[in-house]
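Novice: In case you want the letters, here they are:
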Amino acid sequence: MQEKLSRRNFLKLVGGAAAAGTAVAIPVAAKGVGQQFVPYVKPPEEALPGDATWYASTCRMCPAGCGIMVRTIDGRAKKIEGNPAYPLNQGKLCARGQAGVQSLYNPDRLKNAVKQNGRGSRSFEPVYWDAALDEVLAKLDSVDPSKIVFYAGTMPDNLYYLVSEWLTAIGAPAPVIYDLHAALEGRAVSLQAAEEMFGAAQMPVYDIANADVVLSFGANFTETWQSPVAYNKAYGDFRGQAGGRGFFIQCEPRLSATAAVADEWVPIRPGVDGLVALALGRIIIEERLGTAGTLGQIYAGMYRGVDVPTIANAAGLEIEQLHRLARILAEADRPVVIPGGYTAGQTNGYGSYQAIQALNLVLSRLGRRGGVYLSQPAPAETLLTMPAPNSFADVQALIERMNAGQVEMLFVYGANPVFELPQAAGFKEALAKVPFVVSFSSFVDETAVQSDLILPNNTYLENWGYQVASPGADRPAVACQQPVVRPLYDTRSTASVILDLAHAMGGAAAEALPWGSEMLFMEDVASILFGSSLNPYTAQTAGEFWAAFRQHGGWWSDRPLQQEPEPVGLGQRPIIVTAPAFDGSARDYPLTLYPYPSVVMSDGRGANLPWLQETPDPMTTVAWNTWVEINPATAHRLHLKNNDVVKIVSPQGEIEATVVEYPGIRPDVIAIPVGWGHEDYGRYAENRGSNPIDLLAPITDPESGALAWGATRVRIERTNRTHALARLESLHGEGRESLS
Amino acid sequence: MTTRLSDNPTTRLSDHRWGMAIDLDKCTGCQACVVSCHAENNVPIVGEEEAAYGRTAHWLRIERYWEGEYPNVKAKFMPVMCQQCTEAPCEAVCPVYATYHSDEGLNGQIYNRCIGTRFCGSACPYKQRMYNWFDPVFPEPLEQQLNPDVTVRSRGIMEKCTFCVQRIRRVKEDAKAEGREVTDGEIQPACAQSCPTNAIVFGDLNDPESRVSQMARSSRAFRLLENLGTEPGVVYLKGGETRV
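Going down the list, the protein sequences come from chains A and B.
Residue 484 in the working numbering sits at position 484 of the first sequence, with consecutive numbering throughout.
Residue 7 in the working numbering sits at position 7 of the second sequence, with consecutive numbering throughout.
Don't read these hints as lab results, they were simulated from the structure.
Just to be clear, a hint being listed does not mean it is correct.
[To be verified] When the alpha-carbon atoms are kept at most 30 Å apart in a straight line, the in silico DSSO-like pairs for lysine-lysine are as follows:
#1 A:K647 x B:K127
#2 B:K172 x A:K78
#3 B:K127 x A:K641
#4 A:K641 x B:K76
#5 A:K78 x B:K74
#6 B:K176 x A:K78
#7 B:K74 x A:K641
#8 A:K428 x A:K115
[Claimed, not checked] Only part of the chain B face toward chain A is listed, based on derived beta-carbon distances under 10 Å:
#9 C27
#10 V35
#11 P71
#12 A75
Quantities reported herein were computed from a predicted structural model and do not represent experimental measurements.
From the three backbone atoms N, C-alpha and C, an ideal C-beta is built for every residue, glycine too.
Okay, chain B solo, but in the shape it has when bound:
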């Protein structure tokens, strides 16, 4: 059973409830979103050894699930990023309130408040919070690629997908300066913008006409680990099947 997000008091505070819909029928696992996210959000590189320990910092990863055995074997892709839960397990456990809930439904992370207890990482059922085991390294002149809109995180703090909050803010400010409302599709997180198959769609779940709301109403829609009651802001559309 899906709770209507508009019924939830935490999401009613604002006009917006940012959400994402991912059509798994279109995802080809091409990794464009993964690299795009690295570029937009100054996500560090950890190298082979650290990566083998599972310490890569990808804010977005493509999970691949095998089904069946040769020759009747299938592989399914699923891009997973922070699910921006309405009832976020990561928020309650932070002893220093570095993890907070915005009135637009985002789970925020205040980097300079974080003391690195990693409680939030343990609490997250989606394993979507990344810990900086070391200071990020950008050998000169790679630091020139850094996006000035996004803080570079230092050693000892947690980070995760923000739904590209810097892009949300920019569009909102531009719209406000022009005295108009933000239109549907105007805000595009880096992953959605690059996605070659248009599998990833971003928008306002409080606007029933937005594309993301329409997709969320699809009969194929589901949320990840729905039974935990986290009420994610990311909606997946089950991959289809054609029978011949």
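Okay, chain A solo, but in the shape it has when bound:
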């Protein structure tokens, strides 16, 4: 886009102008120079050189969809801030959101469509977009549509709409939506449970800001969980309440950064979350604790057969501790109980999730201030929003189909299954049996390396889109995503590629997607919202609304509007929580592995951004590499110390990581952050650290089909090597952090 004007041509131009006198403004002195010259004298009308222009858009660094304001100067994006008007994040933004400009200006981005000379060869040849699309069209034409699969991570709602309409029109199955971030935050289980218990498949929203007691089971809501900026904001308000700073209890085997800000950390054993919740419920009702104990008598049926002493034993807690927690909950004015991603990532995850949510029912917290709400989609429900992600069991079924040769063509968007799925699931091997694989990745990631064609998507700062907040704010909100800079390279938004494909295919596909461009589609979406009675800004015409929609960064209700969950699937029926099961025998694999999303890497998608690589982990202060957190007592027993490199062995595989003695973890559990261990994905990500997902057994919770990512046992073996981790804190009480 930015072609250089050579000195020679510049002089020709100036000379030409002088010779031609005053009549001709831009003489065509040299062939083609005119086209180069004009952009230099005619900047975009809204841009003043050196002056910042701010564009409202939507963050796509995680599925939360915060509103952003991007500062651009001379056509370049410089700084991303939160959009103060957007009700979800209210002007705030997290570390990953801040780093978004580095995905735009990443030196390892694909600059055009490429074809790979043999999968896995990493030898790419540029192809013209038309030629690439023709190849895709030819394939689409020749294969049985039922053998086409679109595999995607959590997508922007606009793309989900276009893709699903297109797939339906051509007779292909619905997209398979699965990514590690969503798995680690328990998104699918949250939605599935909400549908069964509350009668609506909407993400629950926990009103932490107005609660006085928060009991969380492994929900790391100040780090990466579901909508971290909104929950961080709520946490700040929770601490700043006029009536006192609230009481926050976090139950999980590891002291996460979220547990670090809790008033009390309860290090329960892995997989007992639901059992503890059942015990608390039984104690509250049986002992008629507080108002909840009296009013909750009607729910006694839910706790039939709950054995408190056995649960206390299984959880590694004293009965007295359970009593204390039950009393704190029952005597609080506005308690709220939160099931987290780690709860869902167990073989009993779904039952546990229900047991925890049932506490909110017993405590009368559904639809109350400081309690639980459901995300409010209206009037956005007229827009097609992305449904719950698929379960891991669905992905396993897909892998089987791929192995059986029932998938002829695979599209991969916004997910990196080769990196993200447990190796034992066998995705990579199954992928080799798919004859034609197309990746939409902007970067050469592990999955793109296993594909035939890469049709690189624009980064989100160059793309159109909309996103219905889910989990939502205190009111319906739809964020508008718009390009803040011109696309840097010859990349294309996947939405426009789908439109182009549909139009070229003609027939039902072209009819289903009648929009000439994705912008026209967006205008259509805006016109749906224009009709709402809740509009936050005045617009007389649909065109005026469309301008306001982009200018404000979306649409949201002018007043709070919250949806109350109705406990349709809860009440009398006993809640069954099975004992957690683990892969690997306790004798050979004495430690339970807790792989957790890194606050900077998320599920690994942040690993190619240097700012995020260099940002220290809040708890260990480590950057740039993978570590394994071991309780000092366990480390001592195994003769391990900080910076020792160890081998972590599970029944499924082994990886290496560097030891961090971590005081805040159960002695029978080790924790490894997810995000490092990339083989591909650019210079900042490649060949650093290891991926704990490789260790996981592909076991699921039979009820939800979710991957039980917290249910693999491991052992540790010494390597007699050391690696000096890049830690902010020194290990000897000296150096930068030493203040005395």
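Based on the hints, put chain B in the right spot on chain A.
Specialist: Below, chain B without anything else, positioned relative to chain A:
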């Protein structure tokens, strides 16, 4: 004992004494401020090996302190940036006057005057001055992310948090052009703007009504290493405790 900043002759020169209050009860250690600071101030990346030597250039870091032992263990977060001392130890030791005190209470660093003796870094009790061991590297096109309002520092010079002085100047100039005073909360350094929990508040300590002044008067307020007499411009609010 806290000296009133308004009594100090060095701060009386101007109408403003910029300060910051950080409520440790709200800080969740989420690192939003750290990345935000990198983005705003063109702070370079040094890579794993250099970082392991302690040569990261973060102008703002989150310190984490362990308390107690398993299972009664706690971790506390503390964001620490240049404390913008009123009696700054770094200023007196600079042989070339690259480090100076502004009349609004800021410790300034004049990059093109700095010769890299690192005396200021040794003198700073908060370890908040970063030395550029190498020239910063921004592989093309990462240089396009650079904020044109902030100089990119070269090898051999010291740098540190400026309280986003470029933002302070811009707001002051805008206010002056509009013929009005700067209002409280109008200036937001990058860290305060991004902080999701609103733990970081910036403002004028000379204005008794400003939010930062109100927070500085809190019973929870303290300053880092107060006994050294550096009179920092950053006030911390001790984390609270709820007992049940």
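Novice: Quick check: which numbered hints come out false for this structure?
Specialist: Of the numbered hints, 1, 5 do not hold.
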